[in-house]
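Counting in full-length UniProt numbering, the sequence shown runs from 1 upward without gaps.
Hints should not be assumed to be uniformly reliable.
Label-pair distances were calculated between CB atoms; the ranges are [claimed, not checked]: (1) His66 x Gly21: 28 to 38 Å; (2) Asp98 x Gly43: 30 to 40 Å; (3) Asp46 x Met85: 38 to 48 Å.
Calculated pairs, DSS-like style, for lysine-lysine (alpha carbon to alpha carbon, straight line, at most 25 Å) [stated by the list, open to error]: (4) Lys63 x Lys87; (5) Lys58 x Lys87; (6) Lys84 x Lys63; (7) Lys110 x Lys87; (8) Lys84 x Lys58.
The set of hints was computed from the structure by calculation and includes no laboratory data. Glycine included, each C-beta is placed from N, C-alpha and C at the ideal position.
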Amino acid sequence: MSETPLVSIIIPTYNRAHLIGETLDSVLAQTYQNWECIILDDGSTDNTDDVVGEYVLKDPRFKYYHRPDEHLPGGNGARNFGFKMSKGDYVNWLDSDDLFSENKIEEQLKLIIGESKTVSTCRWGRFENKNNFSLKELKFNRLPRLKIEARSDVDIKLLSHRAILTGEAGRFFECNGKNLYRDVIYI
Numbered sequence: 001m002s003e004t005p006l007v008s009i010i011i012p013t014y015n016r017a018h019l020i021g022e023t024l025d026s027v028l029a030q031t032y033q034n035w036e037c038i039i040l041d042d043g044s045t046d047n048t049d050d051v052v053g054e055y056v057l058k059d060p061r062f063k064y065y066h067r068p069d070e071h072l073p074g075g076n077g078a079r080n081f082g083f084k085m086s087k088g089d090y091v092n093w094l095d096s097d098d099l100f101s102e103n104k105i106e107e108q109l110k111l112i113i114g115e116s117k118t119v120s121t122c123r124w125g126r127f128e129n130k131n132n133f134s135l136k137e138l139k140f141n142r143l144p145r146l147k148i149e150a151r152s153d154v155d156i157k158l159l160s161h162r163a164i165l166t167g168e169a170g171r172f173f174e175c176n177g178k179n180l181y182r183d184v185i186y187i
């Protein structure tokens with residue numbers, strides 16, 4: 001593997017025209033530059049196409065797709081399709097209303113280069129006013145394969161080697177939201 005492996009950033013989106021530009025700016029601002037950004041539209045009816053289209057024209061590392069019909073509607077169907085379209089050695093998931101710190105990918109790759117069965121997680125914060133928010137000491141951690149296989153302590157905001165995500169265990173559960181909880185009795 002090269003010293004600068006390709007990282008695929010996969011972003012599902014739905015009617016986020018008012019937010020996705022800021023998300024894509026945080027991808028452009030990365031100190032690590034060898035990335036591709038796969039944006040999957042889940043059927044937006046606002047002007048998300050126009051906003052994302054500007055980024056695709058500005059930088060060829062941005063790729064924009066619409067979720068095909070064989071994937072059920074919803075973020076997970078879009079994520080699974082995005083993974084199929086990605087080419088990176090590593091995969092990073094990002095929601096269209098979230099932001100990366102500028103050194104996120106670089107710092108996470110430092111932890112996991114050479115450890116192809118490891119992922120790196122990072123802390124996240126929720127904030128309403130980013131002008132009063134500071135990411136002073138963003139901590140990154142390794143996550144052993146055992147925890148991934150046990151599906152404990154795994155967050156979608158991780159950077160992982162592509163090999164971990166192959167097979168059914170690495171896919172997101174797709175369902176028609178109307179049927180997810182049908183015939184469930186809560187006690």
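Hints, verified against the model:
Distance hint check for His66 and Gly21: the Cβ-Cβ separation is about 19 Å, which falls outside the suggested range of 28 to 38 Å. Distance hint check: the CB atoms of Asp98 and Gly43 are about 20 Å apart, inconsistent with the given range 30 to 40 Å. The hinted window of 38 to 48 Å between Asp46 and Met85 is violated, with their beta carbons roughly 23 Å apart. Proximity of Lys63 to Lys87 is assessed by CA-CA distance (about 12 Å); at most 25 Å being required, the pair is judged to hold.
A threshold of 25 Å between alpha carbons decides the hint, and for Lys58 with Lys87 the separation of about 20 Å falls inside it, so the pair holds. Between Lys84 and Lys63 the alpha-carbon distance is near 13 Å, which keeps this suggested pair within the 25 Å criterion. For the given pair, Lys110 sits about 20 Å from Lys87 by alpha-carbon distance, which is consistent with the 25 Å threshold. Only pairs whose Cα atoms come within 25 Å are accepted, and Lys84 paired with Lys58 is accepted, the gap being roughly 24 Å.
Hint compliance for this structure: hints 1, 2, 3 are not met, and every other hint is.
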